[in-house]
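Listed in order, the protein sequences are those of chains A and B.
Residue 1 is where the first sequence starts when you use UniProt numbering, and the numbers rise one by one after that.
Residue 1 is where the second sequence starts when you use UniProt numbering, and the numbers rise one by one after that.
Any given hint could turn out to be false.
One copy or any two copies: either way a pair holds, since identical chains are not told apart in the list.
In silico DSS-like links for lysine-lysine, alpha-carbon gap of 25 Å or less [said to hold, decoys possible]:
#: 1; residue 1: Lys38; residue 2: Lys58
#: 2; residue 1: Lys19; residue 2: Lys169
#: 3; residue 1: Lys169; residue 2: Lys58
#: 4; residue 1: Lys19; residue 2: Lys56
#: 5; residue 1: Lys169; residue 2: Lys12
#: 6; residue 1: Lys58; residue 2: Lys3
Read the hints as simulated data drawn from the structure, not as lab findings.
Protein chains: 2
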Amino acid sequence: MAKRVTGPEIEKLIQLLAKVPGLGPRSARRAALHLIKKKDQLLGPLSHAMGEAYDKVKICSRCGNVDTVDPCTVCTDIRRDQSVLIVCEDVSDLWALERSGAMNAAYHVLGGTLSPLDGVGPDDLNIRSLIDRVGEGVVREIIIAVNATVEGQTTAHYITDQLAGLEVKITRLAHGVPVGGELDYLDEGTLTAALRARTAI
Amino acid sequence: MAKRVTGPEIEKLIQLLAKVPGLGPRSARRAALHLIKKKDQLLGPLSHAMGEAYDKVKICSRCGNVDTVDPCTVCTDIRRDQSVLIVCEDVSDLWALERSGAMNAAYHVLGGTLSPLDGVGPDDLNIRSLIDRVGEGVVREIIIAVNATVEGQTTAHYITDQLAGLEVKITRLAHGVPVGGELDYLDEGTLTAALRARTAI
């Protein structure tokens with residue numbers, strides 16, 4: 001803004017909101033004005049919720065999930081089948097897989113993928129703790145649910161190598177046509193994978 | 001989510017973030033995880049900034065702007081020409097007009113437009129205070145900078161009527177081709193207005 005039109009506290013709020021993914025400088029201003037308009041319904045509760053999250057958030061020391069208790073809600077859920085362990089890159093992947101409701105398994109969040117160019121090696125990921133966890137002898141199957149990217153696949157291979165010798169079944173997510181997806185828009189690699197993994201009707 | 005995967009505090013944070021304009025349920029989760037990852041750089045400061053804004057925000061009793069002081073930064077800016085008053089619908093319009101840097105004027109925020117169908121009458125807008133302000137005798141020109149919508153134009157007409165008899169020049173924003181706009185994408189009304197208001201080169 002050329003000249004100041006509002007107080008420094010509100011400008012600070014706009015600046016910080018602009019750093020939230022999904023918001024830019026323009027939508028941050030709109031968001032700030034909306035929050036101020038809904039002062040008691042939204043601004044106050046959101047400020048409180050952020051303070052609560054700031055004070056209480058913990059990274060689960062067992063699986064890497066984000067929660068307010070450690071071990072996390074997922075790790076302490078006795079109704080889950082702890083013999084199946086889904087390994088994913090990020091907490092957002094854990095939440096996404098959980099939304100599918102397809103499995104009633106335990107999780108292990110790697111915290112990223114191997115990426116030598118970015119200086120991310122095995123020690124930067126939660127791989128050691130994964131192997132320790134499998135070594136406890138409860139886990140029977142590991143589902144490697146990493147992204148279908150080069151880094152994801154490299155990481156999957158590395159983990160498979162590290163787990164060699166342990167008595168555990170290792171699987172990975174199927175490749176194929178996304179549900180609702182149109183063939184015309186899919187890349188050749190996906191179509192090849194979908195054809196090769198075709199199933200009987 | 002089918003089953004709980006994280007603490008209630010974090011779910012509450014996600015729920016509230018989803019109400020921020022520009023964020024939906026999915027991007028709210030992404031935003032929450034980003035905030036938690038950047039706990040000390042972003043979550044803490046943003047929580048603090050929201051608390052500050054909550055405690056200190058005021059609506060300027062003179063012009064309707066949002067600020068932390070009353071009268072606001074714009075109203076108390078002695079370098080502004082208080083004889084020109086830009087009347088706009090919303091605080092976001094004030095900020096947008098101010099970003100253009102085109103005028104060094106004072107503002108008056110109506111807080112909406114007349115809309116009988118939604119039950120918004122003259123008494124729901126800051127029209128009385130506008131007339132009082134003009135009656136002080138300082139204002140020489142009123143620029144009615146409302147949206148080019150039916151409600152906006154109705155409001156502009158109503159204000160013009162109300163100000164009849166007061167010695168003040170009333171103008172409105174020019175209609176025309178937006179800078180950078182392509183004629184092919186413009187509606188007939190805009191093109192007609194742009195042709196009628198053509199200027200000599």
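Quiz item: Looking at the structure, which of the earlier hints fail to hold?
Solution: Failing hints, ascending: 2, 3, 5.
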